[in-house]
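Enquirer: Residue strings, one per chain:
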Amino acid sequence: MAFEQVLQYILSGVTNGSIYAIVAIGFNIVYNTTGIINFAQGEFLMLGGMTAISLSQFMPLPLAILFAVIITSLAGAMIDFVFIRRLRNPSVLMMIIVTIGLSIVIREMALHIWDEKVRSLPYFTGSEVTSISILGAYISPQVLWVLGVCGLMVLLLGLFFRYTATGRSMRACSSNKTAAGLCGINTGNMVTISFMLSAAMGALAGCVISPITQTQYDSGTSLAIKGFTVAILGGMGNSTGAVVGGLLIGMLESFSISVLPMAYKDAISLAILILILFIRPSGLFGSREESALKEF
Amino acid sequence: MLLEVKNVSRAFGGLRAVDDVSFSVPKNSIKAIIGPNGAGKTTLFNLISGSLRPDSGRVFFNGRQIQGRPPHTIAARGVSRTFQNIKLFHNMTVLENVMVGRHTRSRSGFMAGIFNLPSCWREEREIENRSRGILDMLGVSGLAGMNAGNIAFGSQRIVEFARALALEPELLLLDEPAAGLNMHETAEIAEIIRKIREMGVTILIIEHDMSLIMDISDDIVVLSSGKMIAEGRPSDIQKNPEVIRIYLGEEDAQDQEP
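From first to last, the protein sequence lines are chains Y and C.
Our numbering numbers the first residue of the first sequence as 4 and each following residue consecutively.
Our numbering numbers the first residue of the second sequence as 3 and each following residue consecutively.
The hints are simulated quantities; they were obtained by calculation from the structure and are not laboratory data.
From the three backbone atoms N, C-alpha and C, an ideal C-beta is built for every residue, glycine too.
Accuracy of the hints is not assured; some may be wrong.
Quick partial rundown of chain C residues pointing at chain Y, CB under 8 angstroms, derived from the structure [as the list claims (entries may be wrong)]:
1. Met94
2. Glu98
3. His105
Pulled out of the complex, with its shape left as it was, chain Y reads as follows (with noise of 0.2 angstroms):
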């Protein structure tokens, strides 16, 4: 392979990779407040590209982003509120069957609402012809855009949960819930903000690849497959994890393409997943007694 092809194969890896890992984020973020896994991770994905795209219609891009990205974070507010808060004391199976029904209910919305067709953002630099050569291989600026946003979330996430009280009481939160409560935080509205948090950061990321990938009703599914490999793969509610097994699924999705078909890109992220859960469950990063404790 020649040197060119083989960075073209890893920026494409790179790309992908790194929305795998704000998807997989947004898995642990919930994961560590409340103990479940939410499926509809990926619908926020969609919700986000979707309503950017209708509001880019009345507004200027940046502005029709952020109220998406607004909108979106609102209905994972809604999600908390109008379910998760609802049920006492569910089992983690419980919540995770509401989330997965969630997911289809706001993809058949989105179908109602945008229909079938496939629609994208405008290129947020140049067109969809522009490329800018790097060492010889050729990138869409969209590319840049897509790891400078997903690089700087996971930046700025890092120092909200670092410095930032709230930050801290939802470390707080998922380290010990009861010990949390009796320090005075309300892990109520923890989890809530956990909800919204990942659902701004799903619905960011649903913009910046729109672009590229374009989006549809259903988009959201195979995201949320993927980042949900990516999640078990970097081990439950690490995020440093997330980031490495996200790239790591990218780059082998890419160079798949060099040895098998076209067609077995998606297969590749499922037999991995399934080979992670058989050989190491808690994930590469995380702590076997770690992932006993919890409640699955």
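Based on these hints, arrange chain C on the given structure of chain Y.
Expert: Leaving out everything else, chain C in the frame of chain Y:
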């Protein structure tokens, strides 16, 4: 009275874990709750701190009813606690643990926190300074940057004290603070408890270490099988024949000097 517990009961299935218990804690005193294992002491703490709802009865804090309220509300009113089995946040540093304790005392809302407004930064700095001050006062400031899960057991207990104090409580509930500690560490804990009282904090303590209890408490409540069987000064409780029989066992009762 800072805390008044009135006819509080709580059953788990057929077991009456706490059965019609009433007592009160005056401001700035140290009150102890003793009793054999399974007497309902920790359940009583959980009823006061809001982790459990009483089936019946009322709990007043500063004259206001608090029974059945969520734990974070009760904590915000000024009731703080430590646990028998230490519950620090292991994924955080010692300093961060204490800073979380101050969360309820911070004024800026979470929106300001998310957007990192300058007011929030100033407050953040203040919270950090106060938290360091508390660690310093308890003599564990050297551990501030360590991961809370990695420090010695005795130190973890002191850090839990620090976290509870960060809330600036009026009432501090201590659940077996000397459990698992050696004599030297227990003496250290006794010293800390006295120091906390001097700060004007009222203390309600569950403890099995009798010498510690007799040493520091003003007043003792004795529970057995969920029922209150005695209340009084340490010297009276020591002489109370029923307490000696139930709490120390028949043989010890005979060994006691008249």
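Enquirer: All hints are to be evaluated individually against the structure, with a verdict given for each.
Expert: Here's how the hints hold up against the structure:
Given the 8 angstroms rule on beta carbons, the hint for C/Met94 holds: about 6 angstroms separates it from the nearest Cβ of chain Y. Below 8 angstroms, beta-carbon pairs count as interface contacts, and C/Glu98 has one with chain Y at about 6 angstroms; its hint therefore holds. At about 5 angstroms, the closest approach between the beta carbon of C/His105 and any beta carbon in chain Y falls short of 8 angstroms, and the interface hint on this residue holds.
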